[in-house]
Amino acid sequence: MTPTSDPQHTLAVDIGGSGIKVMVLDPAGTPIASRDRTETPNPATPAAVIQAIVSLAQGKTYDRVSVGFPGVVRYGITETAVNLHPTWVGFDLATALIDKLESPVRVINDADMQGLGAMAGTGLELVITLGTGVGSAMFLNGQLIPNLELGHHEFRKGETYEQQLGRNAMDMTGKKKWNDRLEKAIVQLDRVFNYDCLYLGGGNAKEINIKLPKRVQVVPNVAGLLGGIALWRE
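Add 943 to the 1-based position in the sequence shown for this note's numbering, that's all there is to it.
One or more of the hints may lead you astray.
[To be verified] Taking lysine-lysine and the DSSO-like style, the derived pairs with C-alpha atoms no more than 30 Å apart in a straight line are:
1. K1003 to K964
2. K1127 to K1154
3. K1149 to K1119
4. K964 to K1043
5. K1100 to K1043
6. K1120 to K1154
7. K1154 to K1118
8. K1120 to K1149
9. K1043 to K1003
10. K1100 to K1119
[Claimed, not checked] The calculated label-pair distances, taken between Cβ atoms and stated as ranges, are:
11. K1043 to K1154: 38 to 48 Å
12. N1122 to R1158: 14 to 24 Å
13. R1158 to P986: 32 to 42 Å
14. P970 to M1115: 43 to 53 Å
Simulated from the structure, these hints should not be mistaken for laboratory data. Cβ atoms here follow ideal geometry from the backbone N, Cα and C, with glycine treated the same way.
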């Protein structure tokens, strides 16, 4: 890590089931360099993932680190990691990265971080990330309601949202059926949450080809990194 003259440059890290991405943001949250990516290690143990992050961060200039993690995070400790490795349960990721990167670190659920980069801050806003798994986040008038794990709730035919809309489901059933399921999910989510806006993000959002309702919009996957700056706003 190379410190900057302005102590507010942020290294944003997005840990996914298939890829790990990093980007350096200026104090306003604007990228100052292109995004870098590497494949998520297999097996995706804490040691392997941390080493991948350290490698991506090498040579970059920043003063603090924001991390989006695909699971429940409480006080920097990862409590679930369905699409990574069982050894993540109870792992103190924040402290481990502080030691490796020698910078302050804040860790949050990856869908929560994407929502911070996408939300308008008005009314009830719901975020669904479509990738290896299915992530979710909720905001009420700009305030995060953390660790909403809708992906593991039952959706239809005795299966969860993740079982019906995750990457494996797309690969097995094809994009047309996956889009049909997504259309049904949007209707159900509206009935349950009566959201003011639903944001669809994640790596598979680019595969959406259905007509979306007025209160539903696709957000770029880079929002998962841009939300990193918000972790440092009081």
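Going through the hints against the structure:
no.: 1; hint: K1003 to K964; in the structure: holds, 13 Å
no.: 2; hint: K1127 to K1154; in the structure: holds, 12 Å
no.: 3; hint: K1149 to K1119; in the structure: holds, 13 Å
no.: 4; hint: K964 to K1043; in the structure: holds, 17 Å
no.: 5; hint: K1100 to K1043; in the structure: violated, 45 Å
no.: 6; hint: K1120 to K1154; in the structure: holds, 15 Å
no.: 7; hint: K1154 to K1118; in the structure: holds, 15 Å
no.: 8; hint: K1120 to K1149; in the structure: holds, 15 Å
no.: 9; hint: K1043 to K1003; in the structure: holds, 14 Å
no.: 10; hint: K1100 to K1119; in the structure: holds, 18 Å
no.: 11; hint: K1043 to K1154: 38 to 48 Å; in the structure: holds, 46 Å
no.: 12; hint: N1122 to R1158: 14 to 24 Å; in the structure: holds, 18 Å
no.: 13; hint: R1158 to P986: 32 to 42 Å; in the structure: holds, 40 Å
no.: 14; hint: P970 to M1115: 43 to 53 Å; in the structure: holds, 44 Å
In summary, the structure is inconsistent with hint 5 from the numbered list given earlier, while agreeing with all the others.
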